[in-house]
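Protein chains: 4
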Amino acid sequence: MIKVGIIGSTGYAGQEIVRILMNHSDAEVKWFGSRSYIDKKYSEVFGNMFCLTDDICKGEDMNELASAVDVIFTATPQGLCSSIVNEEILKKVKVVDLSADFRIKDVQKYEKWYGIEHKSPEFLPEAVYGLCEVNRDDVKNARLIANPGCFPTCSVLSIYPLAKEGLIDMNTVIVDAKSGTSGAGRGAKVPNLYCEVNESIKAYGVTTHRHTPEIEDQLSYASGENVIINFTPHLVPMNRGILVTAYATLKKDISEADIREIYKKYYDDEYFVRVLDEGICPETRWVEGSNFVDVNVKVDKRTNRVIMMGAIDNLVKGAAGQAVQNMNIMFGLPENTGLKMVPVFP
Amino acid sequence: MIKVGIIGSTGYAGQEIVRILMNHSDAEVKWFGSRSYIDKKYSEVFGNMFCLTDDICKGEDMNELASAVDVIFTATPQGLCSSIVNEEILKKVKVVDLSADFRIKDVQKYEKWYGIEHKSPEFLPEAVYGLCEVNRDDVKNARLIANPGCFPTCSVLSIYPLAKEGLIDMNTVIVDAKSGTSGAGRGAKVPNLYCEVNESIKAYGVTTHRHTPEIEDQLSYASGENVIINFTPHLVPMNRGILVTAYATLKKDISEADIREIYKKYYDDEYFVRVLDEGICPETRWVEGSNFVDVNVKVDKRTNRVIMMGAIDNLVKGAAGQAVQNMNIMFGLPENTGLKMVPVFP
Amino acid sequence: MIKVGIIGSTGYAGQEIVRILMNHSDAEVKWFGSRSYIDKKYSEVFGNMFCLTDDICKGEDMNELASAVDVIFTATPQGLCSSIVNEEILKKVKVVDLSADFRIKDVQKYEKWYGIEHKSPEFLPEAVYGLCEVNRDDVKNARLIANPGCFPTCSVLSIYPLAKEGLIDMNTVIVDAKSGTSGAGRGAKVPNLYCEVNESIKAYGVTTHRHTPEIEDQLSYASGENVIINFTPHLVPMNRGILVTAYATLKKDISEADIREIYKKYYDDEYFVRVLDEGICPETRWVEGSNFVDVNVKVDKRTNRVIMMGAIDNLVKGAAGQAVQNMNIMFGLPENTGLKMVPVFP
Amino acid sequence: MIKVGIIGSTGYAGQEIVRILMNHSDAEVKWFGSRSYIDKKYSEVFGNMFCLTDDICKGEDMNELASAVDVIFTATPQGLCSSIVNEEILKKVKVVDLSADFRIKDVQKYEKWYGIEHKSPEFLPEAVYGLCEVNRDDVKNARLIANPGCFPTCSVLSIYPLAKEGLIDMNTVIVDAKSGTSGAGRGAKVPNLYCEVNESIKAYGVTTHRHTPEIEDQLSYASGENVIINFTPHLVPMNRGILVTAYATLKKDISEADIREIYKKYYDDEYFVRVLDEGICPETRWVEGSNFVDVNVKVDKRTNRVIMMGAIDNLVKGAAGQAVQNMNIMFGLPENTGLKMVPVFP
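Chains as they are written, first to last, in the numbering used here: chain B, 201 to 546; chain Y, 201 to 546; chain V, 201 to 546; chain S, 201 to 546.
Treat the hints loosely; a few may be bogus.
Here are the in silico distance ranges between beta carbons for each label pair [what the hints assert, rightly or not]:
id, chain 1, residue 1, chain 2, residue 2, range
1, Y, P534, B, K240, 53 to 61 Å
2, S, N223, V, D255, 18 to 26 Å
3, V, K452, Y, G479, 52 to 60 Å
4, B, K240, Y, D255, 54 to 62 Å
5, B, E317, Y, A457, 47 to 55 Å
6, B, K240, V, D254, 19 to 27 Å
7, V, N536, S, G387, 50 to 58 Å
8, B, I256, Y, N223, 53 to 61 Å
9, Y, A457, V, G424, 47 to 55 Å
In silico negatives: residues of chain B with every beta carbon more than 12 Å from chain S [as the list claims (entries may be wrong)]:
id, residue
10, E260
11, N286
12, E288
13, R336
14, G385
15, E399
16, N496
17, P546
Since the hints were derived computationally from the structure, they do not count as laboratory data.
We put the CB at the ideal spot given by N, CA and C, even for glycine.
Take the sequences, apply the hints, and build the full model.
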């Protein structure tokens, strides 16, 4: 039984790790870390956990934690993981960082987009970007996983096959993304109040959102080019779900059917990626609560563009589910252990 | 492996049975019945099922069906199950009826409240009202289960201990209930359109809702009196969830703490009933997607009333989950097999 | 042109006063008071106001304010209005207090339920409870209006005719109320975040909500008895709207039609109260954005109870609209001036 | 007083015309047309109208209608208006068609995208595309107005200044749009049920949506080029609102501030177009219930693209409000008569 510690277990992503691991046959949460709710019962913070756990929220004594568990998930704001990780800890436990600290290999780029100093750039080279479908082999032997961001997970998996195959002009890529509100976290802020989010939609972080360089990096690796894109996230009045609508110009004449075949070539062996049938657009409701990524494409002969679409649950494949998927790979378990949740509808 | 057939598998409750059974270790859906979508792929009707089943919706050849499966769930409108059930079928398979056909023992009462003729009243005596926490022993040997309605499940479990103990004046019971919109079914009707339900709340079926006699019957059995209540359901702009706020006058001076002890006496061994801590009101979000019933009470010394509150997921404990719970009991499985879903939040 | 000052103009109720007065022919907001956003442009706080006002949020210099305007609305937390009102101010301006400070005539009762000391009990006798349909004549000459709470407005107007006529047993009155989330205010608190409220319903303040004594007082005045009730509010995932479902036992045999006639007798001359047709239940969507109160009754012969239902927009008739209605009466304007907004649907 | 007839008054857009005209000083609805609800009271179809009108829904006797009113609004499916309009009618009354029948000048293009035969192409030349801010002068003398579609209104007004000034490469224009659910109409269809729309987002009509040629036509007129674009609408779980996020490559080096100046040049005299301050993104909540269009731009120096954003209420500026605006212009009234509704928030 894998013993798990979670730093930041009282955020939405942290709680989702707990939810998933409660039905995981080979892992168990042993440390519910939380700065905000220290010494409080976890089930008082999340009423859904009542009767399912009696554990108490704990602080961040890293030595004690590293000795008590086999893997640590950090579901924390940027800067926390990089400030606590060190060789001693990594010798004891695996670390899956759900923050952005180890996603961007170029420390200057990280510091520019995130506006904070990186506290342990020495671990950037060894950190593995845990987009399992792309970097599975590296994940297997990793000590430190940079768990991908929610938007990058959905964007990259939606675009990857065409980027990799060199079929789209990477300079024309535009990613228009839409996210449920849980992506904004559980902090008490006026813009995230019910009445402020409900019955409205808005773009935010236009041209400046921090997931931009992360998407660009991954698309650059895939295409072998230096990719610069436009990425625009939108806030949608729903709890969960990310939808990506990505646009790019095709570099050669290729049919929609042929492109779908390419997607199938990449994803047919992937349990979590579902290439939808012709004409079916991804909808976030069909993946809610699950680790699935639904993708599809539409070719517009009039404009010679391809529209690449993807849907995920931002808290599962976009955070906690992918983190557990990475854990499974690192510990040699079947990749979908504990992750076969059927999407909950309605 | 229990082989399962579902008549009405393309309604919300039917689909929820499918979702639950996909993660059930000892049962498997073998027959996806649906009049409306016959010959269509099930995963085209419910996109969440894509890649999880390739089955095709079938009609209602009862002979074929009864030979192919071990248990039939009828998640259909009133009148369907009573028109197809017969001795021959019940000799071959167990039947769990999610409609109201066998919930009311008094056929005149059924016909009056439902406005239709009962087609097989001869099975009313043997049908077991499948409120597992109350009738578990009878369920074990049943051939035909009347799976309780969503409102009655939540109402009765919220009130049961005090009714049974004779601590409340049964003539004063008022049940004010609130339901998510999936309770209205998947039929295409103007009042259930998004824009009609969203941003509004209303009462409906005031004094005439068909779940009234069902609640009254069960409270009558519990209290040993002939109970007549007021039951008022409300439609809430959310997908899932039922909240019951029930009022009754206390027959003797008893503290809130003592009442909570009584609830614990009744429910402490029940996996699915959670008696909340003092001062905590049930909220539907904490049970969403799960088979839990959260209950609590509040005593008002000023008015000498007790307020009994309960929350369930109407599609799980209020329909599909309880149906599977009944199946588990009938087939000798641990009662919570396949039902240990952690509530999904947010 | 009536000059208006608003203390607390950056809460939801304060903003609603601004919205209403922008289309009021005889009044104009001259002072946008706000502690939180002082010196900030009002249209930066509420983007809907962009281009409609260039005013800047101001503090609470009461002398300056009282000299600058004809009427002050205090849309502030309890305790603020009672701490600033005095004879000097009341000689200069009319005051409409949207908080609870002057709603409860009994200062001990106020202090007990609200847990704060009342700073100016000397004004309690003269303050007029501004439920216009009931106290219109007193409002005309008032200097200080206690604008009714949102739940009391809806509850009292739903029950008033039967209480006044002595047709219901006042000891049996139970008010089960449901409110949209704007009633919780614009403060940044975790329980009011989008993801916490969305897809859920809960009761809160069970047996202890502060609107209880206010409803009891008004029903006591109406019935001539000392009324004690149960009042249970619920939080509904929608922005606006309050629905009241109230129960009481009838004292004599009277038909639903006769009761509806009584309601019409009381309300037929009231522009803002709509007695619905037989069998039509109030729904909050039909009053959203307007000052209407929709009421109706249903008699249950089985239990000898009457169910009294009412719906309002909590921010309009439940707060800002009624405040303007009171202003109109005090200043001798037609009562519906600026208040003829048609409910916005969908 | 302008006498108004509405064909299709029981759809969402038709009802919004009624709502707006109830507070219009110079116009009055005299004919509530509705095929579905003929002979039914209008206030039974829309409960918000209770006590505000006693009118009965009527059919489509065009001769009688044309004699009874001064202007007819057709808020009907495509094909209806073109099948009833004729010279005789246009000699008697003005017609504002909210359907697409007269929006596309090229009858072949219309028939191809809409899949129906055009019944009166002879009126296409004289019909004026009623985008008031662009075609105001032509509207003044029009007999037949093609009221713009909801997406085209928002898209074109968001892009117009840059298209007209020749500052963007028109071949690079991509319009990613998001709409509330009222845009789908009031027809009873499973995909528009509450539980199907709620908690989800999806793209639809990808590369094939019928508003595509309408947007292209208007951008072609503005730019003087033959414009082909990608247009992708999305369905958002909210009642009202359209948000447009449009992308284009800049043809020359120009600052965001300079572009905003251009927008102000075009729109500063427009009552209904609000050019937001630097860094402020349009949000649909700030225009809800009003006829405003909020627009802004963001320049991305990295990609040399401009992101043009706009927000409207789809039922007001995107349908009924703009229709009334056109009526006002045609009848020589101040353009914002009856349209000064302040956006309703929250």
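Supplied distance hint 54 to 62 Å, evaluated on CB atoms of K240 (chain B) and D255 (chain Y): violated (46 Å)
If I claimed the Cβ atoms of K240 (chain B) and D254 (chain V) lie 19 to 27 Å apart, would that claim hold in this structure? Taking Cβ atoms as reference, K240 (chain B) and D254 (chain V) lie about 47 Å apart, which means the hint is violated.
When you look at the beta carbon of E260 (chain B), is every beta carbon of chain S farther off than 12 Å? Holds, since 34 Å exceeds 12 Å.
Please confirm whether R336 (chain B) is truly not at the interface, meaning its C-beta sits more than 12 Å away from all C-beta atoms of chain S. holds (29 Å)
Can we trust that N496 (chain B) is non-interface, i.e. its beta-carbon lies farther than 12 Å from all of chain S? violated (9 Å)
Taking 47 to 55 Å as the stated bounds, is the beta-carbon spacing between A457 (chain Y) and G424 (chain V) within them? violated (37 Å)
Take the C-beta atom of N536 (chain V) and the C-beta atom of G387 (chain S), compute their distance, and say whether it sits inside 50 to 58 Å. Roughly 35 Å apart at Cβ, these two residues miss the hinted range, so it is violated.
Beyond 12 Å from every Cβ of chain S: is that where the Cβ of G385 (chain B) lies? holds (19 Å)
May I ask you to check that E288 (chain B) keeps its beta-carbon over 12 Å from the closest beta-carbon of chain S? holds (40 Å)
Honestly, do I256 (chain B) and N223 (chain Y) meet the 53 to 61 Å range at C-beta? violated (30 Å)
Note whether the CB distance of K452 (chain V) and G479 (chain Y) lies within 52 to 60 Å or breaks it. Once the Cβ atoms are compared, 40 Å apart, the range 52 to 60 Å for G479 (chain Y) and K452 (chain V) is violated.
Is E399 (chain B) truly not at the interface, in the sense that its beta carbon sits beyond 12 Å from all beta carbons of chain S? Given that some Cβ of chain S is not farther than 12 Å from that of E399 (chain B), nearest at about 5 Å, it is violated.
Of the hints listed earlier, those the structure fails to meet are numbers 1, 3, 4, 6, 7, 8, 9, 15, 16, 17, in rising order.
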